[in-house]
Each structure stands twice: as C-alpha cells, then as structure tokens.
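Peer 1: Respectively, the protein sequence lines represent chains A, B, C and D. Reading the first sequence from the start, the letters are residues 10 to 345 in the working numbering. Reading the second sequence from the start, the letters are residues 10 to 345 in the working numbering. Reading the third sequence from the start, the letters are residues 239 to 451 in the working numbering. Reading the fourth sequence from the start, the letters are residues 239 to 451 in the working numbering.
Treat the hints as calculated values from the structure; they're not laboratory data. Each residue gets a CB set at the ideal place from its N, CA and C atoms; glycine is no exception. It is possible that some hints are incorrect.
[As the list claims (entries may be wrong)] Calculated lysine-lysine pairs in the DSS-like style (CA-CA distance at most 30 angstroms, straight line):
(1) D:K271 / B:K11
(2) B:K303 / A:K11
(3) A:K241 / C:K271
(4) B:K255 / A:K11
(5) A:K343 / B:K22
(6) A:K343 / B:K55
[Said to hold, decoys possible] Output of the computed footprint for chain B on chain D, the stretches with three or more beta carbons under 8 angstroms from beta carbons of chain B:
(7) 308-314
(8) 319-327
(9) 377-385
(10) 412-422
[As the list claims (entries may be wrong)] The following label-pair restraints were derived from C-beta to C-beta distances:
(11) A:K33 / D:E353: 53 to 63 angstroms
(12) B:E133 / D:T296: 25 to 35 angstroms
(13) B:E331 / D:V411: 42 to 52 angstroms
(14) D:D409 / B:E243: 31 to 41 angstroms
(15) A:E328 / C:Y264: 34 to 44 angstroms
(16) C:D409 / A:G265: 42 to 52 angstroms
(17) B:E243 / D:K447: 51 to 61 angstroms
(18) B:K241 / A:Q247: 36 to 46 angstroms
(19) D:V411 / B:E243: 21 to 31 angstroms
(20) A:K51 / C:Y264: 40 to 50 angstroms
(21) B:E137 / D:V411: 35 to 45 angstroms
(22) B:E219 / D:K447: 53 to 63 angstroms
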Amino acid sequence: MKKIINQPDNYIKEMLEGIYIAHKDDLTCVDGDLQVLVSKHKKEGKVGIVTGGGSGHLPLFLGYVGKGMIDGCAVGDVFQSPSVDQAIALTRDADQGAGVLYIYGNYNGDIFTFRPAADEVEMEDDIETAEVLGADDVASAGPSAPGEKSTRRGVAGIFFVYKCAGAAADKMLSLEEVKRVADKANNNVRTMGVALTPCTVPRVGKPSFEIEDDEMEIGMGIHGEPGIRRGKLEPADQIVDEMLEKIVADLPYEKGDEVAVLVNGLGATPLDEQYIVTRRINQVLEEKGISVYKYYVGEYATAIEMAGFSISLLKLDDELKEYIDHPVDTPFFKQV
Amino acid sequence: MKKIINQPDNYIKEMLEGIYIAHKDDLTCVDGDLQVLVSKHKKEGKVGIVTGGGSGHLPLFLGYVGKGMIDGCAVGDVFQSPSVDQAIALTRDADQGAGVLYIYGNYNGDIFTFRPAADEVEMEDDIETAEVLGADDVASAGPSAPGEKSTRRGVAGIFFVYKCAGAAADKMLSLEEVKRVADKANNNVRTMGVALTPCTVPRVGKPSFEIEDDEMEIGMGIHGEPGIRRGKLEPADQIVDEMLEKIVADLPYEKGDEVAVLVNGLGATPLDEQYIVTRRINQVLEEKGISVYKYYVGEYATAIEMAGFSISLLKLDDELKEYIDHPVDTPFFKQV
Amino acid sequence: MSSFKNAEAGVIVDQLIKTIQKERDYLSEIDGKIGDGDHGINMNKGFTMCEKKLEGTTYNLSEGLTTLGETLLEDIGGSMGPLYGMLFDEMAQACEDADDITVDVFADMITGAVEGIQDISPAQVGDKSLIDTLVPAKEAFVEAKEAGKDFAECLDAMNEAAEKGWQSTKDLVAKIGRASRLGERSRGVLDAGATSCYFIITTIGNAAKELLA
Amino acid sequence: MSSFKNAEAGVIVDQLIKTIQKERDYLSEIDGKIGDGDHGINMNKGFTMCEKKLEGTTYNLSEGLTTLGETLLEDIGGSMGPLYGMLFDEMAQACEDADDITVDVFADMITGAVEGIQDISPAQVGDKSLIDTLVPAKEAFVEAKEAGKDFAECLDAMNEAAEKGWQSTKDLVAKIGRASRLGERSRGVLDAGATSCYFIITTIGNAAKELLA
Ligand SMILES: Nc1ncnc2c1ncn2[C@@H]1O[C@H](COP(=O)(O)OP(=O)(O)O)[C@@H](O)[C@H]1O
Ligand SMILES: Nc1ncnc2c1ncn2[C@@H]1O[C@H](COP(=O)(O)OP(=O)(O)O)[C@@H](O)[C@H]1O
Ligand SMILES: [Mg+2]
Ligand SMILES: [Mg+2]
Ligand SMILES: [Mg+2]
Ligand SMILES: [Mg+2]
Numbered sequence: 010m011k012k013i014i015n016q017p018d019n020y021i022k023e024m025l026e027g028i029y030i031a032h033k034d035d036l037t038c039v040d041g042d043l044q045v046l047v048s049k050h051k052k053e054g055k056v057g058i059v060t061g062g063g064s065g066h067l068p069l070f071l072g073y074v075g076k077g078m079i080d081g082c083a084v085g086d087v088f089q090s091p092s093v094d095q096a097i098a099l100t101r102d103a104d105q106g107a108g109v110l111y112i113y114g115n116y117n118g119d120i121f122t123f124r125p126a127a128d129e130v131e132m133e134d135d136i137e138t139a140e141v142l143g144a145d146d147v148a149s150a151g152p153s154a155p156g157e158k159s160t161r162r163g164v165a166g167i168f169f170v171y172k173c174a175g176a177a178a179d180k181m182l183s184l185e186e187v188k189r190v191a192d193k194a195n196n197n198v199r200t201m202g203v204a205l206t207p208c209t210v211p212r213v214g215k216p217s218f219e220i221e222d223d224e225m226e227i228g229m230g231i232h233g234e235p236g237i238r239r240g241k242l243e244p245a246d247q248i249v250d251e252m253l254e255k256i257v258a259d260l261p262y263e264k265g266d267e268v269a270v271l272v273n274g275l276g277a278t279p280l281d282e283q284y285i286v287t288r289r290i291n292q293v294l295e296e297k298g299i300s301v302y303k304y305y306v307g308e309y310a311t312a313i314e315m316a317g318f319s320i321s322l323l324k325l326d327d328e329l330k331e332y333i334d335h336p337v338d339t340p341f342f343k344q345v
Numbered sequence: 010m011k012k013i014i015n016q017p018d019n020y021i022k023e024m025l026e027g028i029y030i031a032h033k034d035d036l037t038c039v040d041g042d043l044q045v046l047v048s049k050h051k052k053e054g055k056v057g058i059v060t061g062g063g064s065g066h067l068p069l070f071l072g073y074v075g076k077g078m079i080d081g082c083a084v085g086d087v088f089q090s091p092s093v094d095q096a097i098a099l100t101r102d103a104d105q106g107a108g109v110l111y112i113y114g115n116y117n118g119d120i121f122t123f124r125p126a127a128d129e130v131e132m133e134d135d136i137e138t139a140e141v142l143g144a145d146d147v148a149s150a151g152p153s154a155p156g157e158k159s160t161r162r163g164v165a166g167i168f169f170v171y172k173c174a175g176a177a178a179d180k181m182l183s184l185e186e187v188k189r190v191a192d193k194a195n196n197n198v199r200t201m202g203v204a205l206t207p208c209t210v211p212r213v214g215k216p217s218f219e220i221e222d223d224e225m226e227i228g229m230g231i232h233g234e235p236g237i238r239r240g241k242l243e244p245a246d247q248i249v250d251e252m253l254e255k256i257v258a259d260l261p262y263e264k265g266d267e268v269a270v271l272v273n274g275l276g277a278t279p280l281d282e283q284y285i286v287t288r289r290i291n292q293v294l295e296e297k298g299i300s301v302y303k304y305y306v307g308e309y310a311t312a313i314e315m316a317g318f319s320i321s322l323l324k325l326d327d328e329l330k331e332y333i334d335h336p337v338d339t340p341f342f343k344q345v
Numbered sequence: 239m240s241s242f243k244n245a246e247a248g249v250i251v252d253q254l255i256k257t258i259q260k261e262r263d264y265l266s267e268i269d270g271k272i273g274d275g276d277h278g279i280n281m282n283k284g285f286t287m288c289e290k291k292l293e294g295t296t297y298n299l300s301e302g303l304t305t306l307g308e309t310l311l312e313d314i315g316g317s318m319g320p321l322y323g324m325l326f327d328e329m330a331q332a333c334e335d336a337d338d339i340t341v342d343v344f345a346d347m348i349t350g351a352v353e354g355i356q357d358i359s360p361a362q363v364g365d366k367s368l369i370d371t372l373v374p375a376k377e378a379f380v381e382a383k384e385a386g387k388d389f390a391e392c393l394d395a396m397n398e399a400a401e402k403g404w405q406s407t408k409d410l411v412a413k414i415g416r417a418s419r420l421g422e423r424s425r426g427v428l429d430a431g432a433t434s435c436y437f438i439i440t441t442i443g444n445a446a447k448e449l450l451a
Numbered sequence: 239m240s241s242f243k244n245a246e247a248g249v250i251v252d253q254l255i256k257t258i259q260k261e262r263d264y265l266s267e268i269d270g271k272i273g274d275g276d277h278g279i280n281m282n283k284g285f286t287m288c289e290k291k292l293e294g295t296t297y298n299l300s301e302g303l304t305t306l307g308e309t310l311l312e313d314i315g316g317s318m319g320p321l322y323g324m325l326f327d328e329m330a331q332a333c334e335d336a337d338d339i340t341v342d343v344f345a346d347m348i349t350g351a352v353e354g355i356q357d358i359s360p361a362q363v364g365d366k367s368l369i370d371t372l373v374p375a376k377e378a379f380v381e382a383k384e385a386g387k388d389f390a391e392c393l394d395a396m397n398e399a400a401e402k403g404w405q406s407t408k409d410l411v412a413k414i415g416r417a418s419r420l421g422e423r424s425r426g427v428l429d430a431g432a433t434s435c436y437f438i439i440t441t442i443g444n445a446a447k448e449l450l451a
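With the hints as constraints, model all of the structure from the sequences given.
Peer 2: Laid out in structure tokens, this is it:
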C-alpha cells in the first residue's frame, strides 16, 4: 500500500483535521465530532440539505458543503457509512427552521444510517425531513419499474442533485419544493464509469480487486464494485462510445434534448485524459442532436486513487438550467 | 501504458480540443493554433501576463488563464517547450497596450523559446516585455549567489507568482510594477516535492523511472527529475517534517513570518492524503512560530499521473497578502 | 439445569467479543473474495469498542447485550453496525426483565434477533447473507422447544442449524449487499456476514450450554 | 574533386532525414538512461516534418538546410528545436551565396554550426552534451584545412573527431540539461544529444565525400 499516511486507523481523523485547518472560515464540526461536518454559513429559514456516506470519494461528499449547495455531511470511515448518531447530530445542526432534506447514495449502510436518524429527529425535535436517494449508475442494475425502489447505486451524478437542490434551497424554496427539484434532477441524471486500476482502502491495506495491465472494467462502481464488462483496454473514443451508448439509451436522452455533462476523474486519471474524453463526448452528442448546455470536467467523485473516469448526463429544462447556473462557493467547488 | 487516450501523437491536440469545448466562453486560441491559448476576457491597458511550457502538468500552466490571473499560455507537447513562433503569436495577442510579462519555469527549452520570442516582438511590434523565471524547487540545486542566475528549476510555486502578478496586473499596475510584484513573490516562494510512483509520457510509452513498491524519492521534479534522497516510504508526518526542514531553512522562513501554503497533489495522490499532510504542516509551522495566512490544497501542478505531493511556502507582506486575496475566475481555479 | 442467571451470564458477551477478535482476519479474508475485504475489521472495531466500554464495569447478560447493540448502532457505520446493532438490541430487550434465562426467554431472544434484522433489512433466506445462518438457527431452536426438547438440546439444534445455514451460503448467488452486483460470480464462496453470524450464534449457544451445565 | 555543387547537394539533407528516422529508437533508448527517453521521438518528429515540407519541391543544400533549421526552430519545442534549429540555420547561411561548396565554405558552415549553438547555449566541452561532439569535429576540420589537407581528408578528420567526442561523453558527468540533476549518476552512459550530433556530422561528412568522389 503506497500512500502518504500515518496509522491507517487515524486516516479519517487526520484528513478531517487538515480540512478544518485549511477551510476554517467556512467549515466546522458539531459537538467536537470531526465526522459531523457543517457549513459555517447558515441562512435562517432556508431548507437544510445534508448528506453523508463513506470517505474516499473527495471532493464527494463533504466537498459540496457551502454557500449555494449543501449544509452538512456525516463523514463515514473510508467506504463505510457514518453512524446513526452522527446523522442525528448533523440533522439537528443543519435545520434552519424549514426542515431538512437528505440527499445520499442508494447504499444499504447509508439507508440504515439516515432512515433511523430521520425517525429520531422527527419524533424528538419535530424537524420535518425528506429524502432523495442518488441512484444514477446505469451499470449497477436495470431500471426499476415506475414507483418501485431503485436498486441502482448512486455515483457521481449526485453532484447534479446537490447542485440543483442546493440552488433551490438557496432561493428559499420550501422543503417540498426543494425535494421536488432534487427528485427531478435525480430522475434525469444517468452515469457510467470505467476503471483501469483498483484502489486500496487504508484499513484493508490491499487493492480492492485485481486487473491485468492491459485491461479495463466498464461500469465499475466507485468502491470497486464489479461492472458490466471487463476487456482489453481500448482507445478513449471507443470507450466513450460504448459508455454513452448505454447512458443515452437508458433515460433515454433524445434528439433535441439539452444536457449538462459531468466528466469525472476517479482519482489517478489526469485532467488531460478527461479532456480527451470530453472532446469525444461532444462529437457523439452532436451527432445524436443532443446539445450540451454546460460541461463540468475534473475530480468530482473519486474512488481514492483509482484510475478511470465516469460520464454523467443531466437532462435539463428551464428550471434546472436556472439552478445549474446558480453561483456556488464551497471550499471544493466554486461557480461564479 | 494504461491511459485513456487515442493515438499518443494526438494527445495534446485532443486534450486541447476538449478544453476549448468545455470552456468555450472563456478560452480561445490564436490563429487556429490550438497550442496558443488565450483568455477571451481582455482588459484594455492592462499588462499582459503570459506563460508556457510542456503539457502534462494540468492545471498548470494553461489552467490559470482567466480573470485576475494570466492572459495566455503557449502549450508545448508533454514535457516539451512550445515553439518560438507560438510564443510570438501568444505575446502579440496578449498585449493589451501596456506590455507583456513572461512568467515561466527555469528550463532550458522554455528559455530557448521565450527569449527569442521577446526579442522578436520588441523589435517587430514594439511590445515592451519583461520576464520572471520560476525557480522555487529547493531540491533541484543550491541557492544562487545574489545577482547570479538561479540554476533551480521551477515547480508548483509558480502558482503564487501568477496569483500575485495577476492581481497586480488586474489592478492596472505598470509592467515595471507587475514585474516587481512577480519578482517579490518569486523570491519569497520555496517548494519541495516527493514522488511515490513514476509517470508515463504518452509518446514515450513507458514510465519515466523505476522505483520499488516501498520506496519514495524526496525532492523529485515534476518531470521525474531525480531528487535528493531515495529511501523507504515513511509515515506522512516524517516525510512532511523532512521536507519542511529543508524548505524553511532555505529562505529562511523565520519565527513571526506569515506565509501562504500550497499543498499540491502530483496527480494520483488523493485529496485525503493531501489534507493529512496539511494537518502536519500546520503543526510544524505552529511550533516554529510561523503563521499561515491561507492554505491552498489540491492539484495545482501535476506530473501526469505521478503519485506524490509538493509543499510550497510563500512569505507574505501586506502587499502580497492583498494580491493573494484578490478574486480570480479562471476555468480551473476560482477564488471568490 | 434448565436455566441460568441473567446476572451471571455477562460472560456470554465477553465470549462474543473474544470470538470476533479471534476471527477478525478470517472474516476479512472471506469478505475479500466477493465483498470489499473489511468485514473482520468492521466487526472487530465495534466489538472492541464495546469491550472498552464494558471494561471495569459489572453487567449481566441483558446489560452486556444492550451495550454491544448500542455501540454497534451508534458508533459503527456500514451495513453491519445497524444490522447487528438491532440484533443485539432486540436480544437484550427480550431478556432484560428476566432474572433467569429459561428456554422460553431464550426463544424470545433469538426470535427478537431475527425480527431486529428484518425490521431494517429486506433480506430473505437464500439471498446469501447473515439471514441464511440466523433464520434456520432460530427455527431449529423454536422447533426443538416445541418438540419438548430441553434447553441444552435446543441449543444443540440451534448450533447445528446455524452451521448448516452458514455452509448453505457457499452455493448461493448473492441477492443483497455488495456481492449482489456480482451475480453468478458470487457463487462458490461463503458469505462473510453468514460466517460472522455463525460464530455469534454458536458462541452464544456454547457459552449458554456451559452456564447450564 | 575539390568541391561540389550547392545545387546538387540537397541530397545531404535527405540523408540527414533518413539517418534520424533510422536511429529514432536508438536515440530514445540512450536518452532513457539518464534523460526522459524522448530524444529520438523529438528528433524524428522535426526531421519528418521537414521531409514533408520538402516533398515535391526542389532544393539545393542551403535551401534544404534552411527548411530544416526553420522547421526545428518554429515547430519543435523542447531544447532540441532551438539548438539544432540554430545549428542548421547557421550552416545554411554560411553557404547560401556559394554555388560551389569548397573546403573553405564548409569550414564556415561547421564554424557557423558551433556559433549557432553557442549563441543560445552556455554549454562547454566536457558538460556532456552535443557540444562534445560538435566542437572537436569543427576543430579537427579547421586544423586539417589549415594543415593543407584536401576537402575529403578534412571531412575524414571531422568524422573521426566527432566519433571520439561522442564516445568521450560516456565518462563525463552531465553539467547541462536534464541529466545534470543526476550528478555522478550520469556517468557511464553516452549522451543522447552527442549521439544524434555524431550521426548528423558523419552523415553530412559521408554524403559530402560521396559528392566529392
Ligand atoms: N441488507 C442486508 N441484510 C442482511 N445482511 C446484509 C445486508 N447487507 C449486507 N449484509 C451482510 O453484510 C455482510 C458484509 O458486511 P461488511 O463487509 O461488514 O459490510 P460492507 O458490505 O458494508 O463492507 C455480507 O456478507 C452480508 O451477509
Ligand atoms: N543547454 C544545452 N546545450 C547543449 N545541449 C543541450 C542543452 N540542453 C540539452 N542538451 C542536449 O539535449 C539532449 C537531450 O535532448 P532531448 O531529449 O531531445 O531534449 P529534452 O532534454 O528536452 O528531453 C541532451 O542529451 C544534450 O546533449
Ligand atoms: Mg487525484
Ligand atoms: Mg489526478
Ligand atoms: Mg465488506
Ligand atoms: Mg529527452
């Protein structure tokens, strides 16, 4: 395990200490628990938006805590959900009088964390809550029947859900409305990833899986969950074509649609490659008659030091465009 | 070579195509040459600041082209200087009537590129120019005698030179003044890096050097230039201590000094680790009585997919603090 | 004997902690095959945290189980914290008013354990999870009791069923948890949670039998 | 013959291009030992670009060298573009007004080559760079000429000195370029630029001798 760390057991604690030091004007923790991270910038009467999940995905999740986006994050150990108590403390702090929306990924452990927390604060503190579960990974499971619970996992697309819901909350919409916006973004986003190398969870100490030097795995999840196809590494354009084929067909995104695109590096893949990919995405979408309103390129949701990337498409309407354009000022993501 | 690319020969071209697509409102190229990248936001009468150098360091160099920072960049092939003609075209475009300042790293090829270009535009176009060569890497050579040309190479610290000079230019200072500010930042910044893994130049196709699975190299340059010590990988805190010892002694930074700190990931090293490092830097500087005015943490100057990080310290005075605080809006770096 | 004292049975919780600590690496190794290789680490973290909380205090069985359940629920994230947290919490509740742990009380405990899990998880027998150990173990205990077997015999039946259930996960395709993404690739190896659950059930069973002896 | 026609010597540039293309991998391999392994790639890129520009045109020696120099200077970044660009540019200038390339004209050309490099680079003999090939080669040519040797003999002397200079880089510690960071570690292997310079000098020398024959 080649990492710049001290004791693996202190990984999260020391990482968080660094974050609070570097961003001391903007971030703080609740009751001395470093794993309950909240924005210092409250806005009376605004719907609180909170998230949480395992670490190892920076800037996801906590990186989007700040002005114009979300209010707090319960930070789990690497690839581990935070605890129910942390989620409760987080919710109490994030409530600014208008209720709290949970936005988190569709994972077992996170559901087990946030649902009991929501029950608790509704009962004990009379805080109104709602939840939206990110489930954008088209490679992780088939689509769910209308009204049925999605079995897809949440990956980088949750960025768009934060972005839109965060803007709606910042515009002082009600909890019901903010949830509606979050749902709309969530229902209109699809993602697929590809991995070239594994990652190593510090406390585990060895790579999450094995893969040959000339292989890639299309559809791999951000914890190294198996994808839909393992094969020889192909040229960037071919990889993009295969991923987009699946993504576009899924919603489906259609001729005349307008989308926002997120090209997300998984950790070790240089920005250069992400832009080579961006170029191809633009060619393919142009051919399909889908126009791109805005590109986001960079590391938005990583898998520690995994090499690879994901593509997310968000179908826009006038309302979502307005929220996409809304300014954001967080330590990890700024939009002027 | 495990990369998401097409033909290695097209690497730079396709990467730049992606950049122009994703940032079409802010960046454009000169005379159709993708490698001459300039900001779309001109400001009549402002000193133009340009840079350039080999690719493979994103967001360096071109990533800092935008409002409040620099005006353009001549983009070389990976780890290769751009051509003299490109530097000339760049300078002509970047001149907004008040002369042009070149800020680039202290490398052979880049000097061979920019000096002839400066001669040409001074003679042919009557553009006044000045230059500042980044030479912040304390591991690359000993300090130079006063008045003598530095033999140190430039690495991540050039970010601070762009930042301060960019702010000074944005405040409409004269070429002479902007150069003075750039020199001041340059003279007060020191950097040292550590590498854990090599990187692979696409057109070369194999790693730039070999290193054992349990080894690190302290002082390695951002092209894989040998450092000052290769040894067994140590805990993060020990690595930081050794690097800071060298950096602090070099200027030297002294008790009572105020600094800005840049913790820079070289490519594959996750943000988590960079924050673990930040935490330790803060402890050490606190002990030494050096106070930190501001932290920058993230990927600011990479070496393709190298694992490792660098630490840069910039000693501040009131003037530099004002420039550090100045807002910036570039596609790759924003400060509100 | 046909029962043992709640007050004297805190040792069962001690045994549980020791077992998980001992099996840490084995559990991670199994999880590494079709999961992410951290099951032993997660379990050990929670149980060792509980050990620290209990240190220097005196506790009966229900108090020990309460502390264990709370620790897992409050401090341990992941799937395991809530699942085993609820399991031990329900077991504790089922015996907190009992001075003597009789076969009936224990039947309530093991039934509560199943309910605790099923309260939050939709997992069914056959999905390749700890449910495949737990549910047959509970059913075997209850059936044996209804067939008039004594407490120790019921515990034997429970232990046997737990082992069989655990082993049954080898041939199953995972339908829940991380491994479910693997489809057919998940067949052929034991499930990590079913393994830890086997250790937990049989540790309780054996410790209880010793207290009965 | 004691001279050859400028008009007929464009073939020297063709030979240069072929040589660099042929030695591409070898040059990169040498550069890989103490540099970044791209010298052959860089050189081949520039020379092949020049080949394309020349394709279908007619050119004499000075025109061919001008195109080569310009291509390297304008289109090829890195250290090599400017260094070899200046070298060929100066060589071209030294012969552009000559119909016949005599031993005197060639002496000006090789002297110009050295000056072209030294105009922009501070490298000295012994620094482990292409200078270690180029300077002795030039000196040998000029000395032979001053000693009254004929053109072909002067070229032989030049070729021989180029090879010796090239080989001398093996035992040197690099004082310039990337490899200079290596200190003592740079000793024991040839310098990449000295190697390409050896190929360039001897290719010119041999091609000129053929034209004289
Ligand atoms: N929804 C669920 N219901 C029952 N058991 C589950 C469920 N999800 C996971 N498990 C069990 O959890 C085990 C894995 O635990 P562990 O490795 O600690 O957590 P994680 O999967 O978060 O890494 C699986 O082997 C399985 O038995
Ligand atoms: N300042 C210099 N003067 C003369 N020769 C130099 C100088 N810098 C580098 N060289 C030569 O360049 C060679 C390396 O060329 P190349 O690999 O193409 O460029 P780079 O070092 O930029 O990768 C060295 O072997 C050396 O001979
Ligand atoms: Mg990274
Ligand atoms: Mg990176
Ligand atoms: Mg696991
Ligand atoms: Mg080289």
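Peer 1: Hint by hint, say whether it matches the structure.
Peer 2: Each hint tested on the structure:
no.	hint	verdict
1	D:K271 / B:K11	holds (22 angstroms)
2	B:K303 / A:K11	holds (29 angstroms)
3	A:K241 / C:K271	holds (23 angstroms)
4	B:K255 / A:K11	holds (23 angstroms)
5	A:K343 / B:K22	holds (28 angstroms)
6	A:K343 / B:K55	holds (26 angstroms)
7	308-314	holds (count 4)
8	319-327	holds (count 3)
9	377-385	violated (count 0)
10	412-422	holds (count 5)
11	A:K33 / D:E353: 53 to 63 angstroms	holds (59 angstroms)
12	B:E133 / D:T296: 25 to 35 angstroms	holds (31 angstroms)
13	B:E331 / D:V411: 42 to 52 angstroms	holds (46 angstroms)
14	D:D409 / B:E243: 31 to 41 angstroms	holds (36 angstroms)
15	A:E328 / C:Y264: 34 to 44 angstroms	violated (53 angstroms)
16	C:D409 / A:G265: 42 to 52 angstroms	holds (50 angstroms)
17	B:E243 / D:K447: 51 to 61 angstroms	holds (60 angstroms)
18	B:K241 / A:Q247: 36 to 46 angstroms	holds (41 angstroms)
19	D:V411 / B:E243: 21 to 31 angstroms	holds (30 angstroms)
20	A:K51 / C:Y264: 40 to 50 angstroms	holds (48 angstroms)
21	B:E137 / D:V411: 35 to 45 angstroms	holds (41 angstroms)
22	B:E219 / D:K447: 53 to 63 angstroms	violated (43 angstroms)
Hint compliance for this structure: hints 9, 15, 22 are broken, all remaining hints hold.
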